[in-house]
Amino acid sequence: MEVNGMRHSTRNLLLVACLLFVFVPSLEAAGATKEAAEYHTVVKLIESYYHVKHRGVPMLANLSLKTAKVLSADVRKAMRFGDFKLAIFEDQDFTTRDGFIEFHRLLRQTLEPDWSTLLAVRGRDEGQTYTFVKDAGERYKVLIVVIAERDGTVLEVDLNREEFVKLLKDPEQETKNINDEATRAANEDN
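The numbering of the sequence shown is this note's numbering, which starts it at 43 and goes up by one.
Wrong hints could be hidden among the right ones.
Within a straight-line C-alpha distance of at most 27 Å, the following computed DSS-like cross-link-like pairs (lysine-lysine) qualify [as the list claims (entries may be wrong)]:
1. K208 with K176
2. K218 with K208
3. K218 with K176
4. K176 with K211
No lab work stands behind these hints, which were simulated from the structure alone.
Kindly generate the complete structure, drawing on both the sequences and the hints.
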């Protein structure tokens with residue numbers, strides 16, 4: 043009787059292990075798809091709200107640290123932030139009759155509750171800069187939206203704890219630094 047009980051337990055353990063093997067990767071992929079969807083949803087929101095089109099940076103869209111070795115020094119420097127996605131809007135009209143408030147509301151509505159607002163700067167001369175953050179375990183995801191009168195960027199970047207602490211110490215300056223470095227790297231490698 044004990045042998046049958048052990049066979050039954052072993053079979054159940056194997057069944058559970060197989061189910062975990064099948065379903066856990068698909069759950070992780072669903073989470074990754076949701077995160078990618080958030081970035082793409084923000085890009086689509088900007089396109090529909092302002093009636094503009096972005097220029098994608100396909101080579102940089104899915105970079106990982108493994109590929110940093112073959113890229114320029116600027117891209118390697120930007121890679122200290124981990125993976126990033128970047129959409130660039132160039133020479134387009136970002137004026138709107140509704141102003142900044144409605145766009146910011148739609149942006150928050152798109153990202154909350156998963157993302158928290160770290161920085162929101164809006165002004166007629168400076169344009170709009172929004173920084174959202176999300177805890178992703180060992181890393182922090184940061185989504186930066188910068189919209190000026192004629193240009194804009196959407197950048198999603200993974201930061202390690204050290205880089206995230208820098209961002210928290212001076213959110214406005216570090217948001218600018220991160221965005222500038224990634225944009226410069228993308229422009230130089232295209």
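Going down the list of hints, with the structure as the test:
1. K208 with K176: Status holds; Cα separation ~15 Å.
2. K218 with K208: holds (12 Å)
3. K218 with K176: holds (18 Å)
4. K176 with K211: The hint holds at about 17 Å.
Every hint from the earlier list agrees with this structure, and none is contradicted.
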